[in-house]
Amino acid sequence: MYHYDHHDQSFVEARAREFRNQVERRLAGQLTEDEFKPLRLQNGLYLQLHAYMLRVAIPYGELNSQQLRKLGYIADTYDKGYGHFTTRQNIQFNWPKLVDTPDILDHLADVQMHAIQTSGNCIRNVTSDPFAGVAADEFIDPRPVSELMRQWSMLHPEFAFLPRKFKFAVTGAAEDRAAIKFHDIGIWAKADAAGEPVFDVYVGGGQGRTPRVAKLFESAVPLIELMPLLDAMLRVYNLHGRRDNKYKARIKILVEELGLENYRDEVRAELANIDRAPFVSVEGEYERICNAFEEGTPEMSPEKAIDLKTATPAFKRWVESNVAAHRVQGWAIAQISVKPKGGIPGDVTGAQMRALADLADHYSRGELRITHRQNVVFPYVRATDLEALYQGLSAIGLGEDNIGEASDIIACPGLDYCALATARSIPVAQELSTMLRAREAADDLGPISLNISGCINACGHHHAANIGILGLNKAEKENYQITLGGRSDERASVGEILGPGFAQDDVPGAVSKIIDTYLRLRTGEQERFPDTYARVGKEPFKEAVYVGA
Amino acid sequence: MPAALTTKAILTANDVRNGDVVFWTADQVWSASIDDALIGYGKEETNALVDEGARAEAANTVVGAYLVALQPGDTLARIPVKMREVRRLAGPSIDFAQAA
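In order, the protein sequences belong to chains A and B.
For the first sequence, the working numbering gives the first residue as 1, with consecutive numbering after it.
For the second sequence, the working numbering gives the first residue as 1001, with consecutive numbering after it.
Just so you know, the hints here were simulated from the structure itself, not pulled from any lab data.
One thing to keep in mind: the hints can contain errors.
Said to hold, decoys possible - Cross-link-like lysine-lysine pairs, in silico, DSSO-like; alpha carbons within 27 Å at most: (1) B/K1082 / B/K1043; (2) A/K215 / A/K538; (3) A/K474 / A/K248; (4) A/K248 / A/K37; (5) A/K304 / A/K341; (6) A/K246 / B/K1082; (7) A/K538 / B/K1043; (8) A/K474 / B/K1082; (9) A/K165 / A/K97; (10) A/K304 / A/K316; (11) A/K37 / B/K1082.
Given only the sequences and the hints, what does the whole structure look like? Please build it.
Okay, structure coming up:
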């Protein structure tokens, strides 16, 4: 994996020192909350419903075991013994004290981590394919360009106060596992005829109260043109994006109001006049970053494939559900579900973090990834080590065999933690998980995505789910609206509202009826939920859920 | 800080240093227990609570002070009108993290 150079390391250490000074001045009464708030937000420190919350950046979701151990230490020392993996591949701590945050940032800097740009109207953590660098279907490793973008966007002086937050995602494989079309800008790395990287650039995607699938802005952009293009795209947004209404301030609204062609014309005009001097070193820097990733990736020679003939049923199920194809024969990508039956999506204890770090050292060359579906990936597992890894994971409560199944639920913190939420997400996820695990044991439901958001801001990605659930406040009671047919892959689409919402207790029953309807109407086990939905439409589902209810 | 409520309310905030939810009490201190919260009735008393919140913010004791409207009535029950406040006062409705 990539490691900080001296410049990066000095920067995060200096930033931690700077924040310590700001906290000291705040506590001494030299800064008011109004003065301090933008400073703490620039360092990922929110004030949530019950307490402060610190969001720590995990660039493109990649961690090493030392970093995870440190996160476990922070969870146990400064929080209540756990952390929460987010849908931007980050981690949040829900109970840090302001007085402790300077020490926490020092600890993070010790392992090349920070909390910068995890809040505010700036370019947020760049997300990517959790299988990056090892996926069997990969064209181009998306991490080097993601790292290039991290460096470009970090404290970029022009883009520190954008009209609204800005989210990038990058993938480089045939299957989009990074939901790039639900981002302000999504980048799809491919290889040209000579094997050189080129980039399809999508713009104007997003969720929230105005969900949109991103549109193709330009195809096959060469590396040397990519960074100036992104700069020009951001400049046009910075200039013309609305600042009068935060709900209309994202780039998706600008693209829609201008029209894609007009936006493209504006960007091209900007690009024609842009100073290229800052970008002359991009190709060399990209090559340096590529080399850094390659140097950190041990040689993987082909090894013996796994033989499941004598495997226990539990291990066999786990392999079928949680293991993905690796680019090198005899190796495997192990996906670790952080969605135990009835559990809290994405929550891991400090003890689990330390145990995962140990397992990563033993079985994944010390490296792991956090996924936007709030799970963990071990990218370098020998197929012959999978059973021992499975046993190790089961021993710490992380051996669930449900990756990609309906019980692999995305859920935002909701009204149990979030100051913006209108309803709780986690208890709904827990009830659904319990119901769905029982159903998955009895029937082959196939892959289904089920995501829950506790408000219209859609941090739980409900719009992009096959089955989406949105928690609302209806006359001071929690009410849950269901959407169907969304998907976040390369065929991205926004889910449609099924009908009137449900009380919390009625949600599992409604979801169960939706699944019954899918099982009844699918042409076979190969037809996935969104394909059945696209073929038959909303009505059969609506009838099943509402008629005779 | 929002304007005063004219019916029945308590004053809440977060402790600056540790972020804990706290309530203003009749003893003129902040408490972590809602049971200690001083109830203001009517415009004059709730205005006084608003002023107290502003003073505490200026003194750097608390952050984000605001009034929580309570269900009306002369009882001492401290039941918020808004669901959000009910949840905030109760704390998370779930056990933390996974049982390993």
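These are the hints, each one checked on the structure:
Of the pairs offered as hints, the one joining B/K1082 and B/K1043 holds, with about 19 Å between alpha carbons and a cut-off of 27 Å not exceeded. Only pairs whose Cα atoms come within 27 Å are accepted, and A/K215 paired with A/K538 is accepted, the gap being roughly 25 Å. Using a Cα cut-off of 27 Å, the hinted pair A/K474 and A/K248 holds, with the two alpha carbons roughly 24 Å apart. A hinted pair counts as satisfied when its Cα atoms are at most 27 Å apart, and A/K248 with A/K37 qualifies at roughly 23 Å.
For the hint pairing A/K304 with A/K341, the CA-to-CA distance comes to about 33 Å; that exceeds 27 Å, so the pair is violated. Distance check on the hinted pair: A/K246 and B/K1082 sit about 24 Å apart at the alpha-carbon level, within 27 Å; holds. Proximity of A/K538 to B/K1043 is assessed by CA-CA distance (about 52 Å); at most 27 Å being required, the pair is judged violated. Note on A/K474 and B/K1082: the hinted pairing holds, with a Cα-Cα distance of about 11 Å set against a maximum of 27 Å.
For the given pair, A/K165 sits about 25 Å from A/K97 by alpha-carbon distance, which is consistent with the 27 Å threshold. Using a Cα cut-off of 27 Å, the hinted pair A/K304 and A/K316 holds, with the two alpha carbons roughly 17 Å apart. Among the hinted pairs, A/K37 with B/K1082 is consistent with the structure: their alpha-carbon atoms are about 26 Å apart, no more than 27 Å.
This entry does not satisfy hints 5 and 7, going by the numbered hints stated previously.
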